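Hey, can you work out the whole structure from these sequences and the hints?
So the sequence lines, in the order shown, correspond to chains Y and D. The opening residue of the first sequence carries number 0 in numbering that gives the first Met the number 0; numbering runs sequentially from there. The opening residue of the second sequence carries number 0 in numbering that gives the first Met the number 0; numbering runs sequentially from there.
Heads up, a few of these hints could be off.
Going by beta-carbon spacing under 10 Å, a handful of chain Y positions derived as facing chain D [what the hints assert, rightly or not]:
#1 55
#2 85
#3 91
#4 101
The set of hints was computed from the structure by calculation and includes no laboratory data. Because the structure is a prediction, the values reported are computed rather than measured. All C-beta atoms in this analysis are idealised placements derived from N, C-alpha and C, irrespective of residue type, glycine included.
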Amino acid sequence: MSTTAPNVPNVTPEEPTTENDSLADRLYTVRYDDAGDSHLGVTVPGICAEKCHSYDCTSVCPADVWRKGEDGVPHIAYENCLECGSCRWACPHGNVEWSYPTRGAGVSYKKG
Amino acid sequence: MSDDVRVNGEEPTTGEGGSPDYDNAFDAIVVGAGLAGSAAAVTMANEGLDVLVIERGRYPGAKNVFGGVLYTPTLRELVDVTSAPVERYVAEKRFSMLSERDETAVSLRPGEWHDPPHNDSYTVLRGEFDRWFAEQAVEAGAVLVTETTVTGLLRDDRGKRILGVETDRPDGAITADYVVLAEGGNSLVSEGADLKSVERAENIAVGVKEVLEFPGNDTAIPDRFRLSDDAGASYHYFGEGAVGDAVGGGFIYTNEDTISVGLAYRLADARGRQPKPEQTLNAFKSHPAVAPLVRGARTVEYGAKTIPEGGHESIPKLIHDGAVVVGDAAGLVLNNGVHLEGTNMAIESGHLAGEAVVEATRRSRTDEAALRSYPERLESSFVVQNLERYGWLMERVEADRDFIFEELPHALADAGAEYFRMDREPKEEHAEAARDRVLEAVGGWRGAAKLAYRYREVIR
Numbered sequence: 000m001s002t003t004a005p006n007v008p009n010v011t012p013e014e015p016t017t018e019n020d021s022l023a024d025r026l027y028t029v030r031y032d033d034a035g036d037s038h039l040g041v042t043v044p045g046i047c048a049e050k051c052h053s054y055d056c057t058s059v060c061p062a063d064v065w066r067k068g069e070d071g072v073p074h075i076a077y078e079n080c081l082e083c084g085s086c087r088w089a090c091p092h093g094n095v096e097w098s099y100p101t102r103g104a105g106v107s108y109k110k111g
Numbered sequence: 000m001s002d003d004v005r006v007n008g009e010e011p012t013t014g015e016g017g018s019p020d021y022d023n024a025f026d027a028i029v030v031g032a033g034l035a036g037s038a039a040a041v042t043m044a045n046e047g048l049d050v051l052v053i054e055r056g057r058y059p060g061a062k063n064v065f066g067g068v069l070y071t072p073t074l075r076e077l078v079d080v081t082s083a084p085v086e087r088y089v090a091e092k093r094f095s096m097l098s099e100r101d102e103t104a105v106s107l108r109p110g111e112w113h114d115p116p117h118n119d120s121y122t123v124l125r126g127e128f129d130r131w132f133a134e135q136a137v138e139a140g141a142v143l144v145t146e147t148t149v150t151g152l153l154r155d156d157r158g159k160r161i162l163g164v165e166t167d168r169p170d171g172a173i174t175a176d177y178v179v180l181a182e183g184g185n186s187l188v189s190e191g192a193d194l195k196s197v198e199r200a201e202n203i204a205v206g207v208k209e210v211l212e213f214p215g216n217d218t219a220i221p222d223r224f225r226l227s228d229d230a231g232a233s234y235h236y237f238g239e240g241a242v243g244d245a246v247g248g249g250f251i252y253t254n255e256d257t258i259s260v261g262l263a264y265r266l267a268d269a270r271g272r273q274p275k276p277e278q279t280l281n282a283f284k285s286h287p288a289v290a291p292l293v294r295g296a297r298t299v300e301y302g303a304k305t306i307p308e309g310g311h312e313s314i315p316k317l318i319h320d321g322a323v324v325v326g327d328a329a330g331l332v333l334n335n336g337v338h339l340e341g342t343n344m345a346i347e348s349g350h351l352a353g354e355a356v357v358e359a360t361r362r363s364r365t366d367e368a369a370l371r372s373y374p375e376r377l378e379s380s381f382v383v384q385n386l387e388r389y390g391w392l393m394e395r396v397e398a399d400r401d402f403i404f405e406e407l408p409h410a411l412a413d414a415g416a417e418y419f420r421m422d423r424e425p426k427e428e429h430a431e432a433a434r435d436r437v438l439e440a441v442g443g444w445r446g447a448a449k450l451a452y453r454y455r456e457v458i459r
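Right, dumping it as structure tokens:
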């Protein structure tokens, strides 16, 4: 404890803090009407399990719709979906099936 | 306000007699009530066409997310904007380079921007604005149907001419002479009908955004962003402090009582081991130059979207027998680093496409050739002119990405620190050190000259 304090005026350096909401809280800010079944899917399930190693769908998704399940393969939590479409372009195997939710279902933004 | 729109479109399948026949009742069907769609609808309805606008959201805007600034030169020609729900006019543009902990920024606050029409730049929230714009189309005579998803296009027996749309309503096929595809960047209908191909991930950006409020702090926005009355600010951020080592940037826009904070970067850079977009947003908001601006804020809404940034070369074929493609669906977005535009291009393209449909209708034609004035006029408009002008830029930025997004922000911050260093050395030493730091980053005088030449077109 004998380190010499630098000879400078006594000011406190900045320690910026930002409190970010959890993703769950963030998703809670948008309305979601459940169409009853998923508007997302995969064309050939075997591709995710056997051919794919990068799981880019899980990296790019801003809403954690695509997430690794216990079997290590991406699963779909479609009711999180913000309908950005990132997964469609990200999938290196073109294996993502995407359709618009029907009859007003899916996400509704108030602000946008 | 919202109710008018929905009442107007609430029950499209149950008019008098229980089953109204929408078939051939319309000259044109517009797919999507966003900016391009409503611009097309207003244009056509004003000329007396019977127009049906089909929106898949619960109301226009329900599915729409953007960064934050609406550019209005074309809009003002189309509709009376005195009642338009804008948040603030843009009175300041600020461009900022962030390294991990440094910021180097340039700010512009031309006095002229305080005077109407405020450089035609306003922050808006799409949930409100798109409803209002669609209402203008309805007031002009268009019919709006919400909560209805177009699932495909109808074709003639030879599979050539587009005859209308298929929807998710019972007996949901609706025919019309023309279909205007204004479905946005995630253009499933256009792709499904082979009107455009699937874009490469390199040409798509993923954007995430939060709308933030400051509970119990009414003066946070004017105080932090130095604003009075309806003046607003548009802050742009580049460098690794904004989006890590991705090609893209962050932004803060001031709304009336909220701010929009977000970022967008190439989807190709979001793949693999990159942090997820949400984590990148957290890091941006925590940067020492950004955190004080968002301190104490609460999330009002979180949103995400993809942005077509393929530029001029990615514009699909715009006209077909019986159909036109407009707005984001046509890839009409400009991002050259300092100009981030799309709303103006969407409105212009919707308007020009609408006029082409009106002309073709007057000649009782639906073939592709009769719609040619749309791509021709778009080519000579600012929309395509601007995309062409900066077409070379993204490729070069991609090639120089480490320099632009990492080395340069560091070097400029270091040079600034050297130049203003306070010690007992003469200023000459500091100026030399600052210059040396910049020269080191750009590769000497020769490198600086090369760089200036490489990017000369930016200021040509």
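Verification of the supplied hints:
| no. | hint | verdict |
| --- | --- | --- |
| 1 | 55 | 4 Å, holds |
| 2 | 85 | 5 Å, holds |
| 3 | 91 | 8 Å, holds |
| 4 | 101 | 4 Å, holds |
Consistency note: the structure conflicts with none of the earlier hints.
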